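One-letter residues, chain by chain:
Protein chains: 2
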Amino acid sequence: MELDSRKLQILRAIVDEYILSASPVGSKSLSQSSDMKWSSATIRNEMADLEVLGYLAQPHTSAGRIPSEKAYRLYVDRMMRRAHLSDEESKLLMGYFREHVNGMDAVLRSTAKALSEITHYTAVVLMPDIGVNRLKHLQLIPLVEGKALAVVVTDAGVSQNSVIDIPFDMGPEELDRISKAITNRFGGCRMSTVSSELVRELGGDLACRADFVETLLTSLCENQAKDRRMVELSGATNMLEFPEYSDVNKAKTFLATVEQRDSMYRMLKKASNMEFTVTIGSENEQEGLQDCSVVTASYRVNGQPFGSFGVIGPTRMDYARVLSILSNVQSNLGTILQSYLKEE
Amino acid sequence: MELDSRKLQILRAIVDEYILSASPVGSKSLSQSSDMKWSSATIRNEMADLEVLGYLAQPHTSAGRIPSEKAYRLYVDRMMRRAHLSDEESKLLMGYFREHVNGMDAVLRSTAKALSEITHYTAVVLMPDIGVNRLKHLQLIPLVEGKALAVVVTDAGVSQNSVIDIPFDMGPEELDRISKAITNRFGGCRMSTVSSELVRELGGDLACRADFVETLLTSLCENQAKDRRMVELSGATNMLEFPEYSDVNKAKTFLATVEQRDSMYRMLKKASNMEFTVTIGSENEQEGLQDCSVVTASYRVNGQPFGSFGVIGPTRMDYARVLSILSNVQSNLGTILQSYLKEE
DNA sequence: ATTAGCACTCGAACAAACGGAGTGCTAAAC
DNA sequence: GTTTAGCACTCCGTTTGTTCGAGTGCTAAT
Chain V
1 MELDSRKLQI
11 LRAIVDEYIL
21 SASPVGSKSL
31 SQSSDMKWSS
41 ATIRNEMADL
51 EVLGYLAQPH
61 TSAGRIPSEK
71 AYRLYVDRMM
81 RRAHLSDEES
91 KLLMGYFREH
101 VNGMDAVLRS
111 TAKALSEITH
121 YTAVVLMPDI
131 GVNRLKHLQL
141 IPLVEGKALA
151 VVVTDAGVSQ
161 NSVIDIPFDM
171 GPEELDRISK
181 AITNRFGGCR
191 MSTVSSELVR
201 ELGGDLACRA
211 DFVETLLTSL
221 CENQAKDRRM
231 VELSGATNML
241 EFPEYSDVNK
251 AKTFLATVEQ
261 RDSMYRMLKK
271 ASNMEFTVTI
281 GSENEQEGLQ
291 DCSVVTASYR
301 VNGQPFGSFG
311 VIGPTRMDYA
321 RVLSILSNVQ
331 SNLGTILQSY
341 LKEE
Chain P
1 MELDSRKLQI
11 LRAIVDEYIL
21 SASPVGSKSL
31 SQSSDMKWSS
41 ATIRNEMADL
51 EVLGYLAQPH
61 TSAGRIPSEK
71 AYRLYVDRMM
81 RRAHLSDEES
91 KLLMGYFREH
101 VNGMDAVLRS
111 TAKALSEITH
121 YTAVVLMPDI
131 GVNRLKHLQL
141 IPLVEGKALA
151 VVVTDAGVSQ
161 NSVIDIPFDM
171 GPEELDRISK
181 AITNRFGGCR
191 MSTVSSELVR
201 ELGGDLACRA
211 DFVETLLTSL
221 CENQAKDRRM
231 VELSGATNML
241 EFPEYSDVNK
251 AKTFLATVEQ
261 RDSMYRMLKK
271 ASNMEFTVTI
281 GSENEQEGLQ
291 DCSVVTASYR
301 VNGQPFGSFG
311 VIGPTRMDYA
321 RVLSILSNVQ
331 SNLGTILQSY
341 LKEE
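These protein sequence lines map, in sequence, to chains V and P. First residue of the first sequence? That's 1 in the working numbering, and the numbers climb one at a time after it. First residue of the second sequence? That's 1 in the working numbering, and the numbers climb one at a time after it.
Bear in mind the hints are in silico, worked out from the structure with no lab data behind them. It should be emphasised that the depicted structure is a prediction, and the values quoted were computed from it without experimental measurement. Please note: incorrect hints may appear among the correct ones.
Each pair may be met inside one copy or between any two copies, as identical chains are not told apart.
[What the hints assert, rightly or not] With a cut-off of at most 27 Å between alpha-carbon atoms, the simulated DSS-like pairs for lysine-lysine come out as follows:
{"id": "1", "residue 1": "Lys147", "residue 2": "Lys180"}
{"id": "2", "residue 1": "Lys252", "residue 2": "Lys113"}
{"id": "3", "residue 1": "Lys250", "residue 2": "Lys113"}
{"id": "4", "residue 1": "Lys7", "residue 2": "Lys147"}
{"id": "5", "residue 1": "Lys250", "residue 2": "Lys269"}
{"id": "6", "residue 1": "Lys147", "residue 2": "Lys113"}
{"id": "7", "residue 1": "Lys113", "residue 2": "Lys91"}
{"id": "8", "residue 1": "Lys269", "residue 2": "Lys252"}
Use the sequences and the hints to build the structure in full.
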């Protein structure tokens, strides 16, 4: 038994309908909808075939059919009509970006908000990893005795604060001197390539503080890696709008899952190498997203992969629409981030 | 009709029981519970009186009674036995603070987390306002042409980053010079007291950049005021555990409300002047918290009011327990924050 | 003043009845 | 040989009815 054109058309119609209504689609109602050229009986027969082939499932006898994950897969890969954003929508989208011109972090947070508000699903954005970026400026600022604030600016414009321990005999002037020395020596290097040898090779009073400097630089990288704020989450509660989550327990599980920054981080990190990904239901590795689908896109600046962002919704999400929104955001983001690095 | 001792005892028992069970308390079950010296009939009569007096309400005839807001008010003001934290609990609480010694912001975020995890309610923490604090260090760090990152450190240890516009002809050296000049001149002054006259009175090349410096300083204050991250929220989804929120719509409303940083900010700001506040049900001004109660405490450092924090829970929250946790946190916080300012 | 007893009330929980939407199958129509 | 109309059947969701238990108010006895 093969998937002939009629089966495909019917399957697509079922998926389209189910994405809208969230309730099982029956042969009769389907045959009444416009541009359905066949009677309910024919559709019934085809539906039975599609069920044997694994594309449809029946919640129970005498209910309509709902698409299986296999059907969504097929839909996404071969059947989906690429949605087209209306002018209004793309203007709306642009609006979010115009609002914030204040720093890369703000732009990415804004992105998360835009995505969640426009799609009505949940959005996650992976903040760029500091390790691959090049150091541009390091400034140590004295706080209290034994502690200082380290501010790192990279070519990506990402800045990061962390409180670090400093030797007690290190005064404000020395902090400033070290800041300048590091900025001069390592400006332009990748954050992750600074090793103790490189530090020792420096002359002057920096040499005798070599251990401190090395600890400082590695701890900055580690700090960043552990910093859970690398994933920006927005619109988690949007999911409560969907009948899929009218059960409070399901909602609770979902919210608990997406609020685990760690697993969101892993998910987005893995997706940073791919232009787009669509992960449907149980294809998700994350426990707790098995009833959801995740669509991600990655963003690049000057060809360098920077990070990724995605939308999480119910399995019956509107893939076509989400994909076109993501692709729109992807290019917007590319342009805007580029402008932060223009002098490179 | 007066509230004699017996009525008070019965009322307290009802409130205690309802806080635990969340379901209407009947005369019979109450009379069977330990240390109830009266028969169900007597309790019934008293309950009827208490209902007339407005302390109890009946969801419907032939159901038990539930406490009214008036009853909670009385309970909190006059009847509540102050709960005592077990050693385990207070150790647990201390643990949260020991974890993070990294900066004041981290401590306060940690506080929010501790509060929500230990109470199982929702916690909010107001970050200290930068305006009343004294400037300790200002550092301008070049980003791209025309933009710089301003990092402010105050005596409170609060640091704040914002991206600012700078004149195009201002190079890294000048930024550094200005940073030092401002730090020298205004170190120790309140952020909000820097006026244009003070700026002009400075000699040297700072004078010709007076406009810039003034704009800079005021915009830093404004930025902070607008920055919505001044309120740290934690454990909002804890509320889904309670039967009060087994209806998804109620849950949605609640979540939407507490995620509005603005209104949480107003609420906590108002509470910063009070040692403790307990706001019950409709006493809340915030639309959407009318079915909740909010308990707050303020924290001070060196007698200076700094900010406040609070717990939001269902009206039947365990006030005694929450209050003793808050008071514990209050003193912990005082001690820890003090240590950040010890060299003052 | 307190309490035992009783008739009454109401909601939650369970069961039976019903209607609707859907199905599979068969036989007629194209 | 497809396609479709028709029919009997299934099963869910809703409604209706019934029971059960916990609670109440009132009265009379303690």
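A quick look at each hint next to the structure:
In this assembly of identical chains, Lys147 and Lys180 lie within 27 Å of each other by CA distance both inside one copy and across copies; the values are 18 Å within and 19 Å between. For the homomeric pair Lys252 and Lys113, the shortest alpha-carbon distances inside one copy (21 Å) and between copies (18 Å) are both at most 27 Å. Proximity of Lys250 to Lys113 under the C-alpha cut-off of 27 Å is found in both arrangements, the shortest distances being 23 Å within a copy and 23 Å between copies. Taking identical chains as interchangeable, the C-alpha atoms of Lys7 and Lys147 are never at most 27 Å apart, the minima being 69 Å within one chain and 58 Å between chains.
Taking the shortest alpha-carbon separations for Lys250 and Lys269, only the intra-copy value of 26 Å comes in at or below 27 Å, while the best inter-copy value is 35 Å. For the homomeric pair Lys147 and Lys113, the shortest alpha-carbon distance between copies (24 Å) is at most 27 Å, but the shortest distance inside one copy (35 Å) is not. Proximity of Lys113 and Lys91 under a CA criterion of 27 Å is satisfied intra-copy only: 15 Å inside one chain copy versus 39 Å between copies. Taking identical chains as interchangeable, the C-alpha atoms of Lys269 and Lys252 lie at most 27 Å apart only when both belong to the same chain, with a minimum of 25 Å there against 30 Å between chains.
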